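Asks: Here is how the chains run, residue by residue.
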Amino acid sequence: MANENDHFKKWNRRDILKSLGGIPLLGAVWYAGADLAGSASRERQFLLETLNIEASPPPATGPMSGEPLRIGIIGFGGRGEDLCRALGFATNEWLKEMQEAASTNPNNKRLAEFKAQENLNVKLVAVCDVFDIKAQRALDSFNNNTNKIKRFRTHTELINSGEVDAVIIATPDHWHAPISIDALNAGVHVYVEKPMTHNISETYTLRETVKKNPKTVFAVGHQHRQTQSFLTAQDVIKKNILGHVSLVVSNTNRNDDNGAWQYDIHEKASEQTIDWNQFIGNAPQVPFNTEHFFRWRKWWAYGSGLSGDLLTHDFDRINCILKMGIPNSVTASGGIYTHRDGRNVPDVLQVNMEYPDFTNGSSQTQGKEKGMTFVYSATLGNQFDRGTVMMGHDGSMELGNQITVYADSGSTKYAELLKEGRIEPGVPLYQYDPAANGVDAVTSATAKYFANKGLLWTYRDGKRVDSTFLHIREWLSCIRNGGTPSCSIKEGFEEAISAHMAGLSYKLGRKIDWDRVTERIIAKPGEDLDALLLANKESLVKA
Amino acid sequence: MTTQTFSTAQRYGLVVLRILIGWHFLYEGIIKLYNPLWTAKGYLLSATILKPFFRWLADASIISVIDTLNIVGLIAVGISLIIGFKVRWGCIAGMLLLLFYYLAHPPFPGLPPGIAEGSYWIVNKNLIEMATLFIIYQFSAAPMFGIETLFKKKNKTSGQ
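Each protein sequence line maps, in turn, to chains A and B.
According to my numbering, the residues represented by the first sequence are 3 to 545, in order.
According to my numbering, the residues represented by the second sequence are -12 to 147, in order.
Simulated from the structure, these hints should not be mistaken for laboratory data.
All figures in this text were calculated on a predicted structure; none of them were measured in a lab.
Over the 12 Å line for every Cβ pair with chain B, so calculated as not near, a few chain A residues:
(1) Thr63
(2) Gln101
(3) Ser143
(4) Leu419
Below are the BS3-like pairs computed for lysine-lysine, each with C-alpha atoms no more than 25 Å apart in a straight line:
(5) A:Lys240 <-> A:Lys370
(6) A:Lys20 <-> B:Lys73
(7) A:Lys492 <-> A:Lys214
(8) A:Lys539 <-> A:Lys526
(9) A:Lys111 <-> B:Lys38
(10) A:Lys117 <-> A:Lys150
(11) A:Lys492 <-> A:Lys513
(12) B:Lys28 <-> A:Lys111
(13) A:Lys98 <-> A:Lys117
Using C-beta positions, here's what the derived DEER-type ranges look like:
(14) A:Ala30 <-> B:Trp25: 15 to 25 Å
(15) A:Pro216 <-> B:Phe40: 53 to 63 Å
(16) B:Pro96 <-> A:Pro358: 54 to 64 Å
Glycine is no exception: its CB is placed at the ideal position from the N, C-alpha and C atoms.
Chain A with its partners taken away, still in its complex shape:
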């Protein structure tokens, strides 16, 4: 009997084991997972608290209430059309094109986003374009029950008509300053595309004009100042996450016709449809030709090549974060290596801007670190994405629509954490992606280039927003509610002078110095820097 009982007990234990044996196993797996995930989460929390980077959105701009502002657009080419859309006015042609794009690609949300754009309470009342077809396109698209638009033959007629409160200037570069100056003197608010000016002397004249007309609001079209990731990057610098930044590298890499300013020539372009003399303006007189008119960025007479057209973007992207201003000196070199089609602006350009007095804080002995170089490197013959990187003693930050921060293996600040293995140099220390939805429809290579740089759109509350729209809105808010735009004359002056120094260095093949006290680019006796800046490099070499 006792034997039977023992047998029963043994059987019972086995029975229980067979029934409930999984439960301790379950507990073990649960504990292991919770422990691992929990410690990873605590470690992450610790790092975030240590870094304390605030990914905060910019201060909201004011209301768009009151009487509608009357806006005039001067220069209704590709960029002019973009800026009008930011105001809420899209051409019939664009709407049709976007409808087709959305029907073939459901990810293309450009039309839906345009329609969802906030009403800025403006009227687009005037257009000035020297090409009849473009001006007519504006008249055909923007004349309706709620908006009446009129064409003016010259910018002075438009500005002095008394019918506009503000103008948007999207002309070739050589017209930026003259039109801005005329508008400001007439008490008309100005939004001008970059580069702010085309030569050195008008940069000073424009600055004086802005100062003399404090009631008019002046903004330069560096829309990336609205990019949310850049605002977070400003906080990274403020909190000294990177340590002393000694090198900043930024690049332009494009490899298609559009990216090389080889734009389409309109079939209806002729001496009858284009006011050639007005296009030429202060540029040297040359016979009518459509190549110069549509592809003006390829010539110094109207454009400013990589230094004015694309370096300015990168310069201002960095300047809005580091606030380093005009460099003490600039050296540049390059050439026309990828598009030998008669252009005279370089398509490969390397620029070194020196800031020997720059400091953004340090984690080392005081006085050990000071100075920074900004390197801009560009080619229009390759589009390998090299990104923008700010390199500090304690870390590096990759900058675009997202930002990524890496600790440096030689860092002083993170030495302990690196030693303990709590952070690894190859693994991002911090990553910021304001986009909640990763689905973007970027079609052309050039568009992708701009999007990656944070120049096309940014994010607000996880939603994609056109950064040009935000930039225009900021300007309109300053007109209505007071305040100064984030990119106004101070920032524009720094951008323009730095770009002109790069252009000069390329032309002259020597270091160009800036005198901080007199605020002048240092010239050699007898040198006319403006003439040299706009001259053909070939002719300078021969001379």
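Dock chain B against the given chain A, drawing on the hints supplied.
Replies: Below, chain B alone, put in the same frame as chain A:
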């Protein structure tokens, strides 16, 4: 089909297989449960076939529900297979989850390969785990190791 036709080794082999798969499901679920930043959004948005369906699942309005269902599903399947409770239902739910994972990134020729630690062509580990769950489903009618044997025993006892 009854367990009598199998040897002890065969039966325990199946039990071990069931527990291993349960372990895998449970651990995946727990890691996600305790990581507040985890979301299936990226996986769903990068789906290579049935894109509209997976993008719909990743939509801001329902992604949190999808994430919760996924975590609950993984943990429930894991518990079911480890402790041997409602194993057949656990197998069905597990196969369903694996089917979703498989279809979002199937290793079909011509499709971009997702992030994987090995090389796959049509067959990958999701598919194999799915097939394994099907086997367990077929053999789990008879209780072997787990809570259900307790009920079975009781029933048997009361029946005697």
